[in-house]
Amino acid sequence: MFEELRTFVDVAESKNFTKTGKKLNFSQPTISQQVKKVEMFFGNVTLLTRSANSKQVELTAEGEVVYRRAKEILALLGQTFEEVEACRRQGEERLRIGASETIGNFLLPRLLEQYAQRWPQVVVEVQIANTRQTCDALAEGRVDIGLIEGRNIHHNFRRIDFFTDRMILVAAPQVAQRVPGFSASLLGKLPWVTREKGSGTEQYLRAFTESNNILVEHTAVCNSNYAIKEMVKQGLGVTVLSQLVVEGELASGELVELPAHKSYSRSFSYILPEGRACSPAAQDLISILEALGER
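Residues in the sequence shown are numbered from 415 upward in steps of one, following the working numbering.
Hints in this document: simulated from the structure, not taken from any laboratory. This structure is a prediction, so every number in the text was calculated from the model and none was measured. Hints may contain errors.
[Stated by the list, open to error] Simulated restraints, written as ranges between beta carbons of each label pair:
{"no.": "1", "residue 1": "Lys451", "residue 2": "Ala475", "range": "19 to 25 Å"}
{"no.": "2", "residue 1": "Ile487", "residue 2": "Thr444", "range": "17 to 23 Å"}
{"no.": "3", "residue 1": "Leu664", "residue 2": "Lys485", "range": "44 to 50 Å"}
{"no.": "4", "residue 1": "Ala665", "residue 2": "Ala705", "range": "23 to 29 Å"}
{"no.": "5", "residue 1": "Ser597", "residue 2": "Glu478", "range": "37 to 43 Å"}
[As the list claims (entries may be wrong)] Okay, derived cross-link-like pairs now, DSBU-like style, lysine-lysine, Cα gap no bigger than 30 Å in a straight line:
{"no.": "6", "residue 1": "Lys469", "residue 2": "Lys611"}
{"no.": "7", "residue 1": "Lys450", "residue 2": "Lys436"}
{"no.": "8", "residue 1": "Lys603", "residue 2": "Lys676"}
{"no.": "9", "residue 1": "Lys429", "residue 2": "Lys485"}
{"no.": "10", "residue 1": "Lys485", "residue 2": "Lys450"}
{"no.": "11", "residue 1": "Lys485", "residue 2": "Lys433"}
{"no.": "12", "residue 1": "Lys436", "residue 2": "Lys485"}
{"no.": "13", "residue 1": "Lys450", "residue 2": "Lys611"}
{"no.": "14", "residue 1": "Lys469", "residue 2": "Lys433"}
{"no.": "15", "residue 1": "Lys429", "residue 2": "Lys451"}
{"no.": "16", "residue 1": "Lys451", "residue 2": "Lys437"}
{"no.": "17", "residue 1": "Lys676", "residue 2": "Lys647"}
{"no.": "18", "residue 1": "Lys436", "residue 2": "Lys469"}
{"no.": "19", "residue 1": "Lys450", "residue 2": "Lys433"}
{"no.": "20", "residue 1": "Lys437", "residue 2": "Lys450"}
{"no.": "21", "residue 1": "Lys611", "residue 2": "Lys437"}
{"no.": "22", "residue 1": "Lys469", "residue 2": "Lys451"}
{"no.": "23", "residue 1": "Lys450", "residue 2": "Lys429"}
{"no.": "24", "residue 1": "Lys485", "residue 2": "Lys469"}
{"no.": "25", "residue 1": "Lys437", "residue 2": "Lys469"}
{"no.": "26", "residue 1": "Lys676", "residue 2": "Lys436"}
Using N, Cα and C, we set each Cβ at its ideal position, and we do this for glycine too.
Required output: the full structure, derived from the provided sequences and hints.
Below is the structure:
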């Protein structure tokens with residue numbers, strides 16, 4: 415019933431079976447079947463109704479009750495999982511970090527080197543995913559702390575910014591020659607390479623193009639910053655990436671920063687569940703993150 419409750423909660427929050435199916439990688443009939451199981455479990459009651467003039471669904475009075483309790487149950491299960499894991503690994507200090515890709519691949523290794531020097535007894539586990547998946551992992555108790563670069567998609571998290579990252583428009587030198595100065599129309603006609611939906615980088619790339627009035631005509635989607643960087647180096651398009659991701663290629667001349675009408679920066683943040691005690695190992699990492707923000 416755990417999986418069915420999680421699906422029901424997601425449908426209640428997204429108000430759409432199709433969106434939930436895409437997020438959980440389930441077909442719409444599977445989503446409908448799981449919601450039906452929850453309804454049958456509580457006495458064959460109707461928990462969701464479809465709006466008359468839209469494709470959205472709304473909670474019934476019974477659905478509101480089940481939704482509220484299901485959130486509590488899922489949170490409790492997450493905490494129980496943590497406690498069981500703590501018993502299993504009794505005597506071993508560990509820190510489970512969930513990190514979105516830019517942070518996990520390009521900033522976190524530098525921080526963990528410092529962390530290991532200060533706290534060598536702590537076993538560190540890192541899960542790298544996109545921002546949405548990192549938030550899900552924290553909500554379900556699979557990580558102790560989340561490091562994200564996109565919008566916080568769960569409202570029951572504490573979010574604290576710790577680093578300002580500059581997003582830049584880059585291309586291979588041979589592509590950059592085709593846009594000698596800033597031109598929204600010329601940039602829009604070039605192929606673009608972007609991250610998948612749910613990625614913080616994709617959110618900010620979209621904001622970057624909108625703020626610079628660039629109407630992108632052709633895009634390729636890739637779920638790896640490294641792969642995007644390699645494609646752009648080969649002249650297959652332009653992209654917006656964190657300066658952290660491309661600083662080596664900018665220095666070597668393999669990539670060139672293109673001018674933009676409006677620059678764009680974003681905040682890296684750490685997130686923690688509201689009301690859940692922060693482990694000493696996580697608090698140690700937070701002290702390093704906050705020191706980074708003070709530089």
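Violating hint indices (sorted, rising): 5 and 26
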